[in-house]
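Single-letter residue listing:
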Amino acid sequence: MSDFIDLTSAAAESATYGADERDRMGFFTDTTLCIGCKACEVACKEWNRLPSDGYEFTGESYDNTKELSGNTWRHVAFVEQMEPERETGRWLMESDVCKHCTHAGCLDVCPTGAIIRTEFGTVVIQDDICNGCGYCVVACPFGVIGEKQEDHTMGKCTLCYDRLKVGEQPACAKACPTESIQYGVVDELRERAEKRLEKVQQKFEGAQLYLNDPNDGIGGGGSLFLLLDKPQVYGLPPNPIVPTKDLPQRWRTAGIAAAALFGAVVLCAVSRR
Amino acid sequence: MSEGYYGRPIVKPPAWTDLIPTYFFAGGLAGTAATLAFAERTARNDRLARTMILGAAAGCAVSAFCLIADLKKPERFVNMLRVVKPTSPMSVGVYIFSAFSGSVFIAAGSEVTGIARPAGRFFEAIAGLIGPVMSVYTAVLVGDTVMPAWYLPRKTLPGLFAATSAASAGAWGLLFASARDSGSARRLALVGGTAMVAILQALHHEIGPAQAQAYSQGEAGALARSARLLNIGGIVCAALGKNSNAISKIAGALLLAGGLTERFAVYRAGCASAKDPMYVLESQKASSASSRV
Numbered sequence: 000m001s002d003f004i005d006l007t008s009a010a011a012e013s014a015t016y017g018a019d020e021r022d023r024m025g026f027f028t029d030t031t032l033c034i035g036c037k038a039c040e041v042a043c044k045e046w047n048r049l050p051s052d053g054y055e056f057t058g059e060s061y062d063n064t065k066e067l068s069g070n071t072w073r074h075v076a077f078v079e080q081m082e083p084e085r086e087t088g089r090w091l092m093e094s095d096v097c098k099h100c101t102h103a104g105c106l107d108v109c110p111t112g113a114i115i116r117t118e119f120g121t122v123v124i125q126d127d128i129c130n131g132c133g134y135c136v137v138a139c140p141f142g143v144i145g146e147k148q149e150d151h152t153m154g155k156c157t158l159c160y161d162r163l164k165v166g167e168q169p170a171c172a173k174a175c176p177t178e179s180i181q182y183g184v185v186d187e188l189r190e191r192a193e194k195r196l197e198k199v200q201q202k203f204e205g206a207q208l209y210l211n212d213p214n215d216g217i218g219g220g221g222s223l224f225l226l227l228d229k230p231q232v233y234g235l236p237p238n239p240i241v242p243t244k245d246l247p248q249r250w251r252t253a254g255i256a257a258a259a260l261f262g263a264v265v266l267c268a269v270s271r272r
Numbered sequence: 000m001s002e003g004y005y006g007r008p009i010v011k012p013p014a015w016t017d018l019i020p021t022y023f024f025a026g027g028l029a030g031t032a033a034t035l036a037f038a039e040r041t042a043r044n045d046r047l048a049r050t051m052i053l054g055a056a057a058g059c060a061v062s063a064f065c066l067i068a069d070l071k072k073p074e075r076f077v078n079m080l081r082v083v084k085p086t087s088p089m090s091v092g093v094y095i096f097s098a099f100s101g102s103v104f105i106a107a108g109s110e111v112t113g114i115a116r117p118a119g120r121f122f123e124a125i126a127g128l129i130g131p132v133m134s135v136y137t138a139v140l141v142g143d144t145v146m147p148a149w150y151l152p153r154k155t156l157p158g159l160f161a162a163t164s165a166a167s168a169g170a171w172g173l174l175f176a177s178a179r180d181s182g183s184a185r186r187l188a189l190v191g192g193t194a195m196v197a198i199l200q201a202l203h204h205e206i207g208p209a210q211a212q213a214y215s216q217g218e219a220g221a222l223a224r225s226a227r228l229l230n231i232g233g234i235v236c237a238a239l240g241k242n243s244n245a246i247s248k249i250a251g252a253l254l255l256a257g258g259l260t261e262r263f264a265v266y267r268a269g270c271a272s273a274k275d276p277m278y279v280l281e282s283q284k285a286s287s288a289s290s291r292v
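From first to last, the protein sequence lines stand for chains S and A. With numbering that gives the first Met the number 0, letter number 70 in the first sequence gets 69, and the count goes up by one each step, no holes. With numbering that gives the first Met the number 0, letter number 279 in the second sequence gets 278, and the count goes up by one each step, no holes.
If you are wondering where the hints come from, they were derived from the structure by calculation, not from laboratory data. For each residue, glycine too, the CB sits at the ideal point set by N, CA and C. Among the clues, some could well be false.
What the hints assert, rightly or not - Calculated pairs, EDC-like style, for lysine to aspartate or glutamate (alpha carbon to alpha carbon, straight line, at most 16 Å):
1) A:284 <-> S:215
2) S:229 <-> S:204
3) A:71 <-> S:127
4) A:72 <-> S:149
5) A:274 <-> S:66
6) A:72 <-> S:245
7) S:173 <-> S:45
8) S:173 <-> S:66
9) A:154 <-> S:79
10) S:229 <-> S:79
To be verified - Just the calculated beta-carbon pair ranges, DEER-fashion:
11) S:21 <-> A:121: 28 to 34 Å
12) S:127 <-> A:243: 55 to 61 Å
13) S:21 <-> A:115: 55 to 61 Å
Can you build the whole structure from these sequences, using the hints too?
Have a look at this one:
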């Protein structure tokens, strides 16, 4: 913890909710169970009333969604790992989503306070506050956030904040037919993920958990993943780090540069011919 | 197809427009121009001080326009002022810019109209003291992102922004003050321009050859090479033009163009380092070796 700046404004911390604070909720996406049906993508679009990003045939396996965006909050990745003759191989599928980071870059840098930490420990953009400055887009180590073209604010997964409020589970988890997407208390999901990994590892050598370590560069995710190959194979960063981690150091260096600049100007002014 | 998932970006490039690098240029110029105005006023060179505080005002006006027009919802600009967030360099920057530009506009208004001279001088001093911070904070703003070309040059990027600002402010003085009055501006342009060229080399060294490709290839590389030519041309003219108004003005124009081009080069490098997943993967390979516990 001490590595991270604790200047975070009060509104950014779920601890400030007092009696209203709830267990931290999140996703465990077990990619070994994903069948690539995209029911999560559809359920998310429907519940959150998100418009289409347009249709383009990519030729990249069954993935024509391409990436998460302001209006696409679940994205199923399809990875074909075939032998050269394409007779044997495996087909990896992974439903990607916002990671609801413990140390969230988007939340740290948002200058309007539009991005908040909810009482469920999730990270949500309030679209009635967001002024579309776009800083969150470049502060996300996962490339999750994008502009919602129709109302020009920034968009990403809310972990169905409205459904959580009334005790429902997120739409994607509810729609997932194989329980590849599991919703629950993050601490319990972590344990469940560890147990599942033990089992899967016996059969798949490259199996690994992703974002389950509270000591990683984002303090662990509220969304955990069980992957069958390296994160980058699915388009995920192998060692994500919240950019604000070394912000105090950056300000110190900038302070030195500013002082040097001030000194240079004064020297130029006093050294008259 | 080469890296990662169908060669698709791992992080998203900025959703910003070219107004943002334009702001880095105008805001950087304004900051250092205000400091030079203050220094010249103190040294009783009122003519150059006047040129510089008006330059700072022009830079602030351009900056304010760029900052607001780039928002996807410009009418919600004031939402920036509803919180103070030390974790957000943009939030900190909004307050730096507000205090700075407010001071500059009062000082410049007083300079032009002759109204409330003591107050004008007071705010000119305030602007001069905030100026260097105004010029450099944008390096923290872009450094605090996941664009490898901005995130990785921790030590050199603030220096590059400071040097570019110094060169641009000096160039403004060369362009709009007479050669007789612009001695300090000339020295600042020479120091800033030279430092800019040198720090860019150091930046390439700091981030290593693989990451430096973001700065040397493609559009960013072409802009960087143009900027280098403009800056070296400007430095030579500034050094030779001591007694010539014409050569001084050419020096000023070249260095202003060089500074603006350099801002765009840095901006495009950041975008390029997001679009090709190689940069993120390479940087995280390196950091997983060193920063893992």
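Now the hints, each set against the structure:
Between the alpha carbons of residue 284 of chain A and residue 215 of chain S the distance comes to roughly 14 Å, so the proposed pair stays at or under 16 Å and holds. At most 16 Å may separate the alpha-carbon atoms for a hinted pair to count; residue 229 of chain S and residue 204 of chain S meet this at roughly 11 Å. For the suggested pair residue 71 of chain A and residue 127 of chain S, the alpha carbons sit about 13 Å apart, so the restraint of at most 16 Å is met. As the CA atoms of residue 72 of chain A and residue 149 of chain S are separated by approximately 11 Å, the hinted pair is consistent with the 16 Å bound.
At roughly 13 Å between alpha-carbon atoms, residue 274 of chain A and residue 66 of chain S fall within 16 Å of each other, so this suggested pair holds. Between the alpha carbons of residue 72 of chain A and residue 245 of chain S the distance comes to roughly 30 Å, so the proposed pair goes past 16 Å and is violated. This hinted pair checks out: residue 173 of chain S and residue 45 of chain S have alpha carbons roughly 13 Å apart, not beyond 16 Å. The straight-line distance between the Cα atoms of residue 173 of chain S and residue 66 of chain S is roughly 22 Å, outside the 16 Å bound, and the hint therefore fails.
Using a Cα cut-off of 16 Å, the hinted pair residue 154 of chain A and residue 79 of chain S is violated, with the two alpha carbons roughly 41 Å apart. Proximity of residue 229 of chain S to residue 79 of chain S is assessed by CA-CA distance (about 14 Å); at most 16 Å being required, the pair is judged to hold. Between residue 21 of chain S and residue 121 of chain A the C-beta distance comes to about 52 Å, which lies outside the given range of 28 to 34 Å. The hint said 55 to 61 Å for the Cβ distance between residue 127 of chain S and residue 243 of chain A, and at roughly 59 Å that hint holds.
Separated by about 56 Å at the C-beta atoms, residue 21 of chain S and residue 115 of chain A satisfy the suggested range of 55 to 61 Å.
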